[in-house]
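Visitor: The primary structure of each chain is shown beneath.
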Amino acid sequence: MRLIDTWANINNWRHHPIEVIYLSMGLLLLAMILPPMPGAALVLLTVTLCALFGARIPPFIFFRVLLLPLTFLLVGSLALVFSVSFDQSTGLEIAFSDQGMQTAKTVILRSISAVSALILLTLTVPLTEIITLMRRVRVPNALIELIELMYRFLFIFDEIFASLLKAQSVRLGYRNLWLSYRSLSSAVAVLFFRAMDRARRLESGLESRGYSGELRVLNVRRKISSRFFIFAVLVHFIILGITFITI
Amino acid sequence: MHIMEGYLPASHASGWWLATSPFLAWGIRSAGKIMKGNKEAKLLLGASGGFAFVLSALKLPSVTGSSAHPTGIGLGSVLFGPQVMCTIGFVVLLFQVMFLGHGGITTLGANTFSMAIVGAWVAWGVFRSLKALGLSLAVSVFFAATLADLATYITTALQLALAFPDPVSGLSGALAKFMGIFALTQVPLAISEGLLTTLVVNVFHSHGREALLNLGVISKVGESKP
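Listed in order, the protein sequences are those of chains A and B. To convert, note that position 160 of the first sequence is 160 in this note's numbering; the numbers rise steadily by one, no gaps. To convert, note that position 13 of the second sequence is 1013 in this note's numbering; the numbers rise steadily by one, no gaps.
Note that these hints are calculated values from the structure, not bench results. Worth double-checking, as some hints may not be accurate.
Claimed, not checked - Looking from chain A toward chain B, a few residues come up when the C-beta cut is under 7 Å (computed):
#1 4
#2 5
#3 140
Unchecked claim - Far from chain B, by Cβ distances over 10 Å, these chain A residues were calculated:
#4 133
#5 138
#6 172
#7 219
#8 224
#9 242
#10 244
C-beta atoms are modelled at their ideal positions from N, C-alpha and C, and glycine is treated no differently.
Work out the full structure: start from the sequences and follow the hints.
Guide: Here you go:
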């Protein structure tokens, strides 16, 4: 769980969040609306080059994250490749479908390049920077505060939960299926009580420091690099250009 | 199982965003009210969200040994109510995109609709009606969590079928295909989640009755044991 968050904080593009958000969201849009061949393929290539050589994400990490949704892709596409029909006389018929194959190809290519554009964002921009941007574009305050609090809590809870599971498993709490359910359910319940307790303790800690119901944090004002920005615009237009020339 | 990034065509993805937005706006407004009214409630809401996320990233023990993830939506909806759960579910899905690489930005609307709106309301509706019929806490929770999971997967199958109708038999054929695939993987998962959620609520009932009372899940102290 920390893999993506860690790299978002230590990659080479860490100090250009706005530009990277623009670059990757533009690429995502291109992957969604251009014909997959060559549009999506170009997006995939661009993202790979950007992530590996621009942001200096190690190839092993990049491809590992890229392949995370592979199961969904395989299972979902299986349904696309075959066609089914039901007839009173012939009964259920399952057949390999050429048209379905074509759809599957399009969808797989589009998905992989869209995922690549997305992980360029998630691997290079930490959530805190996205929250800063959300605040600037006036996303409702309640949502932002909820996101901030959940971000603050989830790593703490993850740690608590991992230690609960470890403590149970060294006492053979996961020896068989029934015990596994028993142990897991009590771990979940304990996590809930610990979570509520944490929230109360945080509240009294904040209260004693003059908490008024608002959590203010200091945001670093970042200079937007115009060179980076021009690079991003150029990349988008080159992909658009090549796509229009080749079709 | 969330629909991955780029899987739905642009028109469908934006359509589902549009369908989700009124529920989300409503959920955010009610979350805002909870936060404004009470300083402590704000942190408790954040903690509930963090809890829901950890739960959603959990691996369920299953017979086949494959990793199966619960949605946690049944438990969350029974504990906190469907309106709040819609907002929390949205953020949970956003975090899954950001930290786990599950789902996507373009498909976030569709995934929020199936999990945090349909799932949460089904869980809550089933739980309240079974309780009203006088069934025990355990039975109500089991069906609430299981049916919420199933409703989520049926909605996902419907979303996929709408986007990719079968070349021969159209929408109904596609729905049958996607449901068929999901049924194999998700029905056992839904039952496991129902079971786990019931056990969790049982632990609550015996060790943290006050919490359940405060949240309005059970109504009186003298309620019979599940």
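Visitor: Is the hint on residue 4 (chain A) kept, meaning its closest Cβ partner in chain B is under 7 Å away?
Guide: 5 Å, holds
Visitor: Please settle this one: residue 224 (chain A) was flagged as non-interface, so is its CB more than 10 Å from every CB on chain B?
Guide: Non-interface label on residue 224 (chain A) holds, nearest chain B Cβ at 22 Å vs cutoff 10 Å.
Visitor: Does residue 138 (chain A) clear chain B by more than 10 Å, comparing its Cβ with all Cβ atoms of that chain?
Guide: 13 Å, holds
Visitor: So, as I understand it, the hint says residue 5 (chain A) touches chain B; can you test that by seeing if any CB pair is closer than 7 Å?
Guide: At 6 Å from the nearest chain B Cβ, residue 5 (chain A) passes the 7 Å test, so the hint holds.
Visitor: Using Cβ atoms and 10 Å as the threshold, tell me whether residue 172 (chain A) really stays out of contact range of chain B.
Guide: 14 Å, holds
Visitor: Quick check for students: does the CB of residue 242 (chain A) sit more than 10 Å from each CB in chain B?
Guide: It holds; residue 242 (chain A) is separated from chain B by about 20 Å at its closest Cβ, greater than 10 Å.
Visitor: Beyond 10 Å from every chain B Cβ: check whether that's true for residue 133 (chain A).
Guide: Correct as stated: the minimum Cβ-Cβ distance to chain B is 13 Å, above 10 Å.
Visitor: In terms of Cβ atoms, is chain B entirely out of 10 Å range of residue 244 (chain A)?
Guide: Check passes; 18 Å lies beyond 10 Å.
Visitor: Would the hint on residue 140 (chain A) stand, with a C-beta cut-off of 7 Å toward chain B?
Guide: 5 Å, holds
Visitor: Against chain B, does residue 219 (chain A) keep a CB gap of more than 10 Å to every residue?
Guide: Fine: 19 Å to the nearest Cβ keeps residue 219 (chain A) off the interface.
Every hint from the earlier list agrees with this structure, and none is contradicted.
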